[in-house]
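Protein chains in written order, with our numbering: chain A, 1 to 107; chain B, 108 to 200.
Because the hints were derived from the structure by calculation, they are not lab data.
The C-beta atom is built at its ideal place from N, Cα and C for all residues, glycine as well.
A portion of the hints provided could be inaccurate.
Some chain B residues close to chain A (C-beta under 8 angstroms, calculated; not the full set) [stated by the list, open to error]:
1) F124
2) V127
3) H169
4) M171
5) K178
6) G182
7) A186
8) L187
9) S188
10) I189
11) K190
Some chain A residues judged to face chain B by a derived CB distance under 8 angstroms, without partners named [as the list claims (entries may be wrong)]:
12) P68
13) L79
14) E88
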Amino acid sequence: MEVMERIRTLVNENPVIIFMKGTPQFPMCGFSSRASQALKAAGASFAYVNVLEDADIYENLPKFADWPTYPQIYINGELIGGCDITLELYQKGELQKMVQATVPAKS
Amino acid sequence: MTGDRVERIRARLADAFTPVSLEIIDDSHKHAGHEGAKSGGGHFRVMLVANAFEGKSPLQRHRMIYAALGKELEGEIHALSIKAYTPGETSTG
């Protein structure tokens, strides 16, 4: 699949997803670490992509998003920002509301 | 050399925003040797207060700053932490 298509599918199929350096368990960058911790603390169950292990995504996501840095956090298919914005939203209590609103109703 | 980088960032941001307040902190030394710093780019923190942010979302504010920094971002800056406020937002905390 073409990389832009792959990215689009990832952000559309995962209500909360972070593109980060490393993994939530073993982050390779302080910003990625803090952003994934904020998602956890907000109660989000989230998907992640380790961009250090996917050169195609690493190179093309900044173009896809018009956003030059990592991590990148998407909720409901939309970029909400990087580490600073995610932490700000968490501190204001807004991140919690945003991720709760994405949880699909249990049948 | 690091001082130059801060001055270049300062000049670009000052040109683009005529800020009410602009603070740039170079954190590069804290990250020397870590995986992400291999490329040699620096770590910086920017605190920028400007009227231009009025009515803009956090996402838009960051994009404005990225756009103003342009090419500096590609090589010189490895990581950038941004706080972007309007004058009104800082006085209310």
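* List of violated hint numbers, smallest to largest -> Of the numbered hints given earlier, those the structure breaks are 1, 2, 4, 5 and 6, listed in rising order.
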